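We have chain A already, so just place chains B, C, D and E on it with the hints.
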Amino acid sequence: MPDALRLSTVRAGYGETVILEDVALALPERGSLAVLGRNGVGKTTLLATIMGHTTFHAGAVFFGGRQVERLPVYERVRLGIGYVPQGRDIFPSLSVEENLIVAARPGKRWTLERVYDLFPRLAERRHHRGNQISGGEQQMLAIGRALMGNPALLLMDEPLEGLAPIIVEALLKSLERLLAEDELAVILVEQHAKLALQVTREALVMSRGRVIHQGASRELLADPERLAQLVVAQ
Amino acid sequence: MRTIKIALAAALALSAFAAAAQTIKIGFITSYSGLNGNLGPYMERAVRLYIKEHQKELPPGVKIELITRDDTGPNPDKARQLAQELVVRDKVNLLAGVVFTPNALAIAPIATEAKVPFVIMNAGTAVITTRSPYIVRTSFTLWQSSYPLGEWAAKKFKTAYTLVSDFGPGHDSEEAFGKAFTAGGGKIVGAVRAPLQNPDWAAYMQRVKDAKPDCLMVFIPAGKTATAVMKNFADLGLKDAGIKLIGPGDITTDEELPNMGEVALGVITVHHYSAAATRPANKQFVADWKKEFGQNETPNFLSVGSWDGTALIFEMIKQQKGKLDAERSIEIAKQWRFDNSPRGPISIDPETRDIIQPEYLREVKKEGGHLANVEIETLGTAVKDPWKELQKKK
Amino acid sequence: MSGYTSDPRIRPQELLPWIIAIAAFFLLPEYLSLGARVLVYILFALSLDLILGYAGIITLGHSAFFGLGAYTAGILGAKYGVTDPFLQLLAAALAAALLGISTGAVILRTKALTLLMLTLAITSIVLEIANKASSLTGGADGLSGVQVAPILGLFKFDLFGRTAFIYCLVALFLGWLLIRRLLYSPFGAMLTGIRENTARMHAVGAPVYWRLVLVYTLSATMAGVAGALLTQVNQFVGLNVLGLEPSGDLLVMLILGGVGRLYGAFVGPVVYLIAQDYLAKQYPEYWYFGIGVLLVVVVLFARGGILGLVDQWWQALSRRSSSARASAR
Amino acid sequence: MVASALETQQLCKSFGALTVADHIDFRLAPGARHALIGPNGAGKTTFVNMLTGAIAPSSGRILLGGEDITKVNQAARVRRGLGRTFQITSLFRKLPVLDNVALGIAERDGVAPRMWKPASKHKEIIDEAAHLLATLGLSADARTPVQDLPYGRQRLVEIAIALGLKPGVLLLDEPAAGVPSQDSGHVLDVLAGLPPDIAILIIEHDMDLVFRFASRITVLVQGQVLVEGAPQEIAADRRVRDVYLGEATHA
Amino acid sequence: MILYVISVGLSVTMGLMGFINLAHGVFAMAGGFILSTAMARFGLPFPLAVLVAFVVVSAGSIVLERLLYSRLYAAGELAQVLFSIGLILISMALARLVYGNLAAPVFLPDYLRGQVHILGRDFPTYRVFLIMFSALLIAALWFGVERTRWGAMVRAAVDNRAMAQSVGINTRQLFMATFALGSGLAGLGGALGADILPVQWSYPFEHLVYFLIVVAVGGLGSLRGPFVAALLIGVADTACKYWIPEFGAFLIYVATMAILLWRPMGLFGVRA
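So the protein lines, in turn, are chains A, B, C, D and E.
The first sequence begins at 1 in the working numbering and counts up one residue at a time.
The second sequence begins at 1001 in the working numbering and counts up one residue at a time.
The third sequence begins at 2001 in the working numbering and counts up one residue at a time.
The fourth sequence begins at 3001 in the working numbering and counts up one residue at a time.
The fifth sequence begins at 4001 in the working numbering and counts up one residue at a time.
The shape of chain A in the complex, shown without the other chains (with noise of 0.2 Å):
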């Protein structure tokens, strides 16, 4: 079976500046994965790079066995890629329904009603504009609209960031009813460490731009001591 998605010595950033030095990962088919670390040390840009929106400097990037690393950012998408940016990054004059309607690529697994299913609250709010629902419907959206993409890789960019503990709570169900019945991969950046761990299958620390661990999420979610060292102090 092919991964999902591999990098190998990948080195991107912003124009000049490089963020991320000589990063490989490998996520196969259905993986999930947690990426860690403290704040700027190069997650969300990680999940850029592989989305295509940095400046890639070397290395490759397949997904689906396919070298992607040079391919614009829609045509990515459309080979599956999906992306929920941190900060959600709604469209605000759409309403909740173009929203969604926007990101729909041809596939059979995910439809309107489908999103709205897994996120009720969505089907409730569908005609309201993108900036008038609060910030966990936002986070729904956001999620929603890449499913709507019918993606094979999912990347997700701390959507659990400024919630509301139920909110969170209702977004962990639905994260997880998502993992173990579609047939998606999954890369979450996350702060909440816990919660990330508790979802994923795989973890991967970084620190300033680069990968300093990687092994299984129960390993390290059974080592308080160690996350800490890894995830707080580092």
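Short, incomplete list of chain B residues facing chain C, as computed with Cβ under 8 Å:
| no. | residue |
| --- | --- |
| 1 | P1041 |
| 2 | T1068 |
| 3 | R1069 |
| 4 | N1075 |
| 5 | E1085 |
| 6 | V1087 |
| 7 | R1089 |
| 8 | T1101 |
| 9 | P1102 |
| 10 | L1105 |
| 11 | E1113 |
| 12 | A1114 |
| 13 | R1131 |
By construction, these hints were calculated from the structure, which means they are not laboratory data.
All figures in this text were calculated on a predicted structure; none of them were measured in a lab.
All C-beta atoms, glycine included, are put in the ideal place defined by N, C-alpha and C.
Then chains B, C, D and E, alone, in the frame of chain A:
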């Protein structure tokens, strides 16, 4: 100071020398570019055509060199710079041309200072000729057409509305028409000045329509703006409401008539020139024009002013045998009569150096499938600038 | 770049424009009236560069000040018998400054397209006023008969444009000295700061808005002086000194020369006006085609204007020579 | 009781439905070394922006040295002694380092609006800037354009500009963000050497740096103050740990 | 009223794509000339000729977009201003070379001439037609932008270009199509308006200010903004010229200033 005087004297000596070399240099300034850049070519073509047809009449060995310059529109500082260069660098014997009044006014002091005759072939504000003793005008003044128009209208209509562009010539036209119309017993029921760059005339037309005058006198710069006015006039039903559209000939220039179409039919204007006039001299002029520049081309009043202006220059050259002296040239101009102009017999008023010419009442009619300004009456055979006449009376 | 670390002394190459100007006076006596016109526009462009290049204020309405200055001098000379050239200049400067401070205070809180449109609206309104007040301004016929007494009672404006040229040259020289001085002063450094990073200037406690109003007023004053010069040289004022066209032309000239580099304001008008003059004499009906191509080419291939291009060449050249030196070692 | 150097009372800010500052009471003592920490989205940046005047609070008051500055604009706050550095370096990139610092000093001294004497002849400004650069170890870079400096040194310039304003209160917004590890020690040295009379509030993720520098720490979570205390207390606080490791939200 | 159709096109390109395209009038002029040529030389009926104008201008604009405009999306506003002024000058010279000095003659079919009687007053038929047509066009555009997936994609791209790409939208292609639509609308406006605003080589420069005012007042990045602004300014301008003609020329500028000072982003502007 002394060096400057010497240089000046040297330059004058040089220009005299240039004359002796039997090449007459004419510095021709007009507008080729900018929003009104379509006007210049009408003038230059007339000058070139005249030179081409009459070259052989020049004294033996005398040649004319036409140096053309673009003043880019109403742009007096550019015009002045060009005139200055023409005089100082190119050492022209004569200055000529100019579409726009401000440009003429800006050049006037140069003509005076350099003692170079300046033949104005278009710019029509009355005051221009008073600004330099070296200015002669072969075109027209707006008073010349608008004043007789007012006199004529007073006999036909009781009330009139005036609509003019908000700039010098517009003001002239409004005033001239108003003076004559009220003096003849008519009443001006409304007067509007519209911005020079005005894309839409509907509002003004509605206003006129609501005032219900017998006639509407319009003056706007020659060209497509006039077309827009005509169309609005018809579109808003003023024609059907029985309001007569009249104006100086600028509003139905010959070359624009095809663009105006049916809406222009019946418009009454007063002007000194119509390409449709049946005088032999004019028929010849129009035929030559079409032959030279194409069947679809028509000369207009700018052309005739330039044509006659060139005729005057030829007269100066012929009488002085190719050696031009500024004072003499002006004297010749003052005595000049030209019976064979396309617009009829014209002459120069020795007192004002302004043109004396016939003014015709015309109506836009269809002739041979084309629209034309058909002359229906001659309002005066030798009309002097009424403004200057009125000034004299004061 | 001006600032605390730059040497304010005049470098030899900065004398080049003046040497060229003086040479032109002696070598090209027939082109002096074009020359005077170019000099006036350089001063005008300098004033625009001060706000556009150094303070980052984009405007299509700079002709409002130029025109106001031109009319102030003209009306004084034609209607009120104030013929002393320096008095006329002073009055023009004052009038333009007044308009600058009053409009600047209103519009400088806005940016980009909004600011562009506001400045355009202002110059259009001034244009309409000048057109309407024809008893004072002569309206569309222009204001003729502007009397200008001989400079210092000695030098009369002559037909050859000698006096005009020297007069404008001296005025430009003084204006250049002033602006140069200003740019090298703490105020100039502060302006550079605003342009480079406005947020940062706020954060070091600079009252940015008032500083902009101040520099806008200074620039307006200078534009007013340039306008008055044009009037004095021509002894005539036309409506064409106001409105969109002269503002647009000026903007084009400055960008063509290079914005924010002081000497761009010299190169731009020279190239533009001479190209225009030359092309218009060859192809009076189509000369603007050439100007259009020039603009497009500059935008596509020389982003920093002509001087920007010169800089690039210079750098490429010095890089090559330094690498040559390096390889020789 | 000594007046606080900087204080907020019931400070609130919401954007539409989103509340990012929720009745924050905060006090910065004179000469304090105080840190503000919290996970992403806790509202730290918004809080700082309200302090500096970049955004206006929805309600509540801000006091600087006991005076209400809630309505005072950004520049005027600076002139009253509130200096700051930016989270994302905000410098005059094309200008030399010395100019970056001198521009601020000139504003403070009231020299900035002067138009005649060349800037380079204002020796008092330049000397002060040079002295400041020397204390931060930047002397060698004084004439280098900022954009040619490595990022770590750019962060120091950021601090230098703020210090040049001689502030009574200094807000350091992630001074070590993006600084490579080999240089962060230098940043810390600089911070440690700051004049003791300046009250400093540091917003920082680097716990190392926070724990070494601050004598007091406030933890902000979801727009509210979760806890405030000495470093040991914070380090020992379970809630804080949970916030960072992801359990607090379950509690 | 025709200014509105043209300006809506400009607000599409300028507002959506953030390109300060002063040369918008060039496309309108092209539309007028194409209409005139199609009718006079090829004898096409008016409606067909209008359609041709729209299509040809759109197609032409794509070529320009690929060759020139696309290189300048990232350039500063100064470069864009300079570039589009250059384009205006070039197009004016070319138009003059090809079509000569006179305005392009346009003759309306008889059914669009004369007046119609509505509520006891006469209104010029063509103007009524134009207003209705513009209203329909606006309705269609509004529907297209607000109610279709394409419109949602365009708005998404305007809201956040990078994110739009991240949901699989080919923004480059989308912008090209949008540019073509905007230019096509300009061509359409130029063609339809040729009877009222005569099309001559100096056209792009003559009406530049009006386009800019409409867009600035309406607000960048908004579609209904320029429409409302055009209507507002058009009505106010007409009314003012009717009631107080002495101040006709001032009004439009004074109104522009007032609105922009009141709402610096324009009536419906979204972009800072």
